[in-house]
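Protein chains in written order, with the numbering used here: chain A, 64 to 349; chain B, 245 to 516.
Hints are not guaranteed to be accurate.
[As the list claims (entries may be wrong)] Label pairs and their computed distance ranges (CB to CB): (1) B:Ala-464 to A:Asp-204: 31 to 37 angstroms; (2) A:His-107 to B:Ile-446: 32 to 38 angstroms; (3) B:Pro-255 to A:Glu-201: 53 to 59 angstroms; (4) A:Gly-134 to B:His-482: 42 to 48 angstroms; (5) A:His-107 to B:Leu-326: 57 to 63 angstroms; (6) B:Glu-468 to A:His-268: 29 to 35 angstroms.
[What the hints assert, rightly or not] Take a look, some chain A residues computed to stay more than 10 angstroms from chain B by CB distance: (7) Cys-95; (8) Arg-148; (9) Asp-194; (10) Asp-209; (11) Val-253; (12) Gln-313.
[To be verified] Short derived list, chain A residues pointing at chain B, Cβ under 8 angstroms: (13) Tyr-160; (14) Phe-163; (15) Gly-222; (16) Val-223.
Derived from the structure by calculation, the hints contain no laboratory data. All values derive from a computational prediction rather than experimental measurement. Think of the CB as a built atom: it goes at the ideal place given N, C-alpha and C, for glycine as much as any other residue.
Residue strings, one per chain:
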Amino acid sequence: MSVAKIELENVSYVYSKGTPYEVTALDNVSACIKEGSITGIIGHTGSGKSTFVQLLNGLEHAQEGRVLLDGKDIWEKPKEIGKIRFRVGLVMQYPEYQLFEETIRQDIAFGPKNMGLDKEEIEKRVLMAADFVGLERELLDKSPFDLSGGQKRRAAIAGVIAMKPEVLVLDEPAAGLDPLGRDAIFTSLVNYRNETGATVIIVSHSMEDMARFCEELIVLSHAKIVMQGTCSEIFAKADFLSEIGLDVPQITGCMKLLSQKGLSVGDGIYTVEDAVRELSRRLSSL
Amino acid sequence: MKNISFGQYYPAESLIHRLDARAKVILALLYIVCSFLCKNIISFAALALSAVVLVLLSNIPLKAVFRAIRPILFVMLFTVVLNVFWTKGESPLFSWGILTVYPEGLYNALFMLVRILSLIIGTSIFMTYTTTPIELADAIEQLLAPLKKIKIPVHEFSMMMTVALRFIPTLIEETEKITAAQKARGADFSSGGLIKRAKALIPILVPLVISAFRRADELATAMECRCYRGGDGRTKLHVLHYDAKDFLMMAVVVVFGVLLIGLNMLAIGYTM
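Chain A with its partners taken away, still in its complex shape (with noise of 0.2 angstroms):
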């Protein structure tokens, strides 16, 4: 199971090199992501997570080190780096303001189109696709302008999708939607590595999101990573994570301060529903 999909080596990038607004965004990091799990990668503003994310499928080739996707260097071809760009799909930051064909159908398809796929296999994969986020049918022959905030999101995450990648990144994918369209996002995200075996990557600000849908975490902070593991594993160091202007999921705070308090509760509680089973069965302990 726990096959490395995409690898870093010794990875640097500095934008900028040799003049004076030089700025590393990532200094010799190393990293594993096993295939087939879906993993967080969590940072404060400018610790270099957006960076990560693009060396993954090749829209910035880093100064030193590899990126290796099944054991082999992405930029062993140069030329061929369009076929990892299909295989690595990377959903950026606020995706909606991409969208530019006039119909939703349309814009769902400009990946797979890109691929050469021919027209039965491109119509099928935008379904798929919109299946995949929960875009009803009757949307996807509306205008982009046509849509909310949230379904225009939805689509653009479905334009990825509808490449089929091996690996699906996304950089802050559930960043300004409400908490119902945040669960939606998500949910997906789940579905579609439950069904096709992909490995999903996330970038996210909420500990919340992270502790309730990924599997192992990333944690960058100061260009480099400085904590890997599960969530359990990463959540369970509250005092270093704050250190690095992180913090632990609310509830895990509360539950924590309810131990201090001398209500004996379990360690290890990242989202509410954990809690609302280890408070039940406390009361009914009782």
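Given chain A, work out where chain B should sit, using these hints.
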């Protein structure tokens, strides 16, 4: 493209950076007049010297100054060639086929070269290099203020200029983001013929234009929320004020102009 600061403003500490922006606009105009006053080799030498003094005064590295000159290298070359071969004089220096070169042509070419160079150096040192675009827009608004009397909306023009300048870096960033996003979906911008490449730009241009309109709309709403209602009775956050060094500098340039006229009187060598 990420870190290109817009315009050529070069942050440094110098006498010229500290001058009032309006004074700098006036100085740039005076300096242009000066460069057209020159007529003989001595006045042109004085002009070249003054350009060197300006660069030294402004604390701007030579490398940055050359960056301003590079785009007009072709124009300079063209001017030199034109002047060398097309100026007619009395005794030819040498002739080669249909091309005849007179000493007057060489002088003219040299003079034009010095004039163009000092024009570019003067205006860029006084305006673009040492004044931020926003300051410049402000200065132009205040210098043109008298035109309000004849109902020209000076403030509105200046506000449009400021807003346009403000959004250039934003739009560059936006273009980069959209390009990256479409590349991630396999868009190919670098292969195929002209028509194919032009078509490939649609996925970038459409979202870019839409987002420009969206931003304009948001900005207008934000301005209205803060009760913006044009220039009448509006005060400035950064009030420009002249002081002694501004007047001194303008006086120096005027005196320099008079000096150039004086130097033109000296009958030395070729006069343009």
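These are the hints, each one checked on the structure:
no. : hint                                       : in the structure
1   : B:Ala-464 to A:Asp-204: 31 to 37 angstroms : 32 angstroms, holds
2   : A:His-107 to B:Ile-446: 32 to 38 angstroms : 37 angstroms, holds
3   : B:Pro-255 to A:Glu-201: 53 to 59 angstroms : 56 angstroms, holds
4   : A:Gly-134 to B:His-482: 42 to 48 angstroms : 59 angstroms, violated
5   : A:His-107 to B:Leu-326: 57 to 63 angstroms : 60 angstroms, holds
6   : B:Glu-468 to A:His-268: 29 to 35 angstroms : 31 angstroms, holds
7   : Cys-95                                     : 23 angstroms, holds
8   : Arg-148                                    : 6 angstroms, violated
9   : Asp-194                                    : 19 angstroms, holds
10  : Asp-209                                    : 14 angstroms, holds
11  : Val-253                                    : 22 angstroms, holds
12  : Gln-313                                    : 31 angstroms, holds
13  : Tyr-160                                    : 6 angstroms, holds
14  : Phe-163                                    : 4 angstroms, holds
15  : Gly-222                                    : 6 angstroms, holds
16  : Val-223                                    : 7 angstroms, holds
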